[in-house]
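So the protein lines, in turn, are chains E and L. So the number in my numbering is just where the residue sits in the first sequence, counting from 1, plus 1141. So the number in my numbering is just where the residue sits in the second sequence, counting from 1, plus 23.
Since the hints were derived computationally from the structure, they do not count as laboratory data. Being a predicted model, the structure only gives us computed values, none of them experimental. Certain hints may be false.
Listed next, the stretches of chain L that the computed footprint assigns to chain E, with coverage defined by at least 3 CB atoms under 8 Å from CB atoms of chain E [claimed, not checked]:
1) 180-186
2) 200-210
3) 256-268
4) 301-310
5) 314-327
For lysine-lysine, the following DSS-like pairs were computed, each having C-alpha atoms within a straight-line distance of at most 27 Å [claimed, not checked]:
6) L/Lys-281 to E/Lys-1656
7) E/Lys-1556 to L/Lys-168
8) E/Lys-1144 to E/Lys-1245
By construction, the Cβ of each residue, glycine as well, lies at the ideal position given by its N, Cα and C atoms.
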Amino acid sequence: MNKIKKIFTNKRILILLAFLIISVILIQPGFSEQGVAIRSVQKDSAAAQAFPTPILSPPQTTKPMGREVILSVNDQPINTIKEYYDSIEQFQINDTFTIKTNKKTYFITINPLINLTLTNETETTLINRTTVNETTNETITEEIETEKPVYKEEIIGKQDIGITVYDRPTSNVKKGLDLEGGTRVLLKPQEEINDEDMDIIVENIKQRLNVFGVSDITVRPTRDFFGNQFISVEIAGTNEDQIKELLTQQGEFQAKIGQITVFEGGNKDILNVCRTSQCSFIDPINTCQQTTDGTYFCGFWFQITLSQIAAERQADATRDLGIIPSSSGQNYLTENLSLILDGEKVDELSISSGLKGLATTQIRISGSGQGTSQKSASENAKEEMKRLQTLLITGSLPVKLEIANVNTVSAILGKDFTKTAMNTGLLAILAVIIVVAIRYREPRISIPMAITMLSEVIILLGFAAFIGWNIDIVAIAAIIIAVGSGVDDQIVITDETLGRRKNKDETIDWKARMKRAFFIIMAAYFTLVVAMIPLMFAGAGLLMGFAITTIAGVTIGVLITRPAFAAILEILLEK
Amino acid sequence: MNRREKRQKRFLKKQPKIVDVQTETKKIEKEKDTSNSFYYKHYKKLLIIPFVMLLFGIMIIGINIATTGDFITKGISFTGGTELIITKQGLNAKTIEQKLQQEFPLNDVIVRETTSFGQITGITIESNIIQENQEQVKKFTNKVKELTNPSQGELTENILGAKMGESFFQQLMVGILIALLFMGIVVFLYFRTIIPSAAVILAAISDIIVTIAITDLFGMKIGVAGITALLMLIGYSVDTDILLSSRVLKNKEGTVYKRTIDSMKTGITMTVTTMAAIIVTLIMAHLNSIGELTEIMTIILIGLLVDLINTWLQNASILRWYMERKEKNEQN
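Please model the complete structure; the sequences and the hints are all you need to start from.
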């Protein structure tokens, strides 16, 4: 009884327990298999137009357990990915159904898939044309006829509702591509690029993938040992060839007014998109407004420089447009400037009436961000500005990218692998416990060892969940290594303790024994860590996960679990 | 059992034991025998074994360099290539291999079955078509898709560039050298004596060289995973060497030999537990066709076996030699 009390009052053991509890909270293991999690929602899809609120793609930062989970479709429970797709398949165009998630209930209407074809016919419309007579300074409004091409609309099927789903996560430990399925593409810029350009490229890739409704993505620049630059793109879930192609294409950006292309992406039309504070602007205090319903709007603007040719094209395109008068004094033209990326309209900007027919090379683009608080509105404004700037730079990618490696793992393979990996880990631990049990024939040694090994795994997974690190094949190998070196250390501690006891050398106190054991342990620790350091940088970070998991594992062991093990042993074996 | 019986039993326990003199003397003799053992007497001769092994290792690697130009047989993660895994039952690896070889006679194509707990779950197709040859990659993947007709989520692709692989290889080589260097510094700072530190480093280097030579002998292909395994091996190998050195150098009680045997007990337990875990993982990885894990675990297993020899015959003998000379010098 006394020993149990001693165990639960020992500082080192309490620290271990605290870390274990925190880890379990971080991992947040869930046992519900019900439902499928939403991975992404395509822009402008039926799901994004759901009623009463649109269904949104989960932000990148959402922890796995925080993902929205679809529980039922029209009250029919959904438990597998196949069940979800089958139940969606049965609906026809204009059918409305309900999707119930763990957060809300949505109503979704299936949209028809429309094929637009340009016909030879044109349509004549009357619009108001306002001109200023410069001599008399009079404004003349006249009605003129304009011709517009006619598009033929044809329904060719139903649109996908735009939600991609995956198996509901059962803990906050993120699974890497090997385990979950997905695509990893390593892109190599053909020439050396500076940090600023690298930012542009990274943003640009994110934008383009977003256009295609792929949202569970990680795009990050890396460098290898020799200083070569790479961009690593990781996309969770299984994806089509389209994405691979998308990444290597340089991208096509156009800005159109009506049917006229005013400028294209690339250095020839847009000479400069201002990203410095002199010519771009977010003022969180002065430009923020609160509307009657409590929402905040914060404004921003930035300047772009067009080439002379593009400016003239714009003047031509706007010359004949009408003006929509507004009460605020800011008047806009009847047509908007559409921003088109890879054939998809991604944004639309109103054109100030002041620009009508004007061949100006300096134009100012303004907009606003919306939010429930002033801070979030200002944040959103900043995001929105960055998005627009990236869009305008898109197509003028500083360099061409080439694919160095492509790695696509199928979801099925990944799923099988997770199961195998877990079984393997448990069996490996069991094998070690058996060896230890045979060697020491003493449950007071083998049981604490088993507990220590399991604690190391749990704390390591907790750490991975905390920093959002992906657990993949190599990380599992790293966990095995960390636990393996943990057992080695525990054996050193045990033998150091037992050895002295056998020699009946009671003059050496526990502290000295432990000091000696930890002398060996620390030396082994430092050598393992230094052996892992080169791996962190080799090969464009492909092995970083392995190195970091190993280092984290042995560090947790040395600082937390192994001292606790020594303490347990000390208490249990003490006479 | 009543109280009296219990007391009686306790009393019996306290009675002095009658011991068979013969067995007891045998025991003592046996203990004497240990210090008379081959390992005790001929440690300098035993030192020949690891050095012959090291020499053979260097020779085999040398032959490999002369014949193939590389000291290891590089896997596709270093040479570049295409690996396609189709997780679909009912595919015939042999026929698909024949068809692909007919279609792409200039390339190496290997098709293997993948398994999960011994059950065939699909096939792995490996070829030396590299990412840089984009059209060929496309033609190849399309042909494979045509032959196997995988549905969404059944295809795993791994397409690697040769340039990337080459640079990756060089980096990992530099990595191993840096790791060895750092490790050497740590060991030296720890023990602050040249010969024992050098012995630890020599053991680690011998482990790596002999392990590589063995993989060469078996014609094993080594990729990124394999090199990672070599780095881990440094960690594992040094574990036992440090245990040995610090027990022999820093402890005072008992003879050098006694301390060596003590650390051997601990060290071999450490290696055996690690091996147990690795063998289990190896079997699981093999049954489930997880190439990377199989590669890592095979290399570590070979390395650990090699390390047993290098730690307990090479490092231990050098240390003893050093200690005995030191003691002799101190006596003079």
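Against the structure, the hints:
1. 180-186: n = 6 at 8 Å, threshold three: holds.
2. 200-210: holds (count 7)
3. 256-268: With 7 residues closer than 8 Å to chain E, the segment 256-268 of chain L meets the three-residue bar; holds.
4. 301-310: holds (count 6)
5. 314-327: This one holds; 3 residues, not fewer than the three required, reach chain E with a Cβ under 8 Å.
6. L/Lys-281 to E/Lys-1656: 21 Å, holds
7. E/Lys-1556 to L/Lys-168: 22 Å, holds
8. E/Lys-1144 to E/Lys-1245: 52 Å, violated
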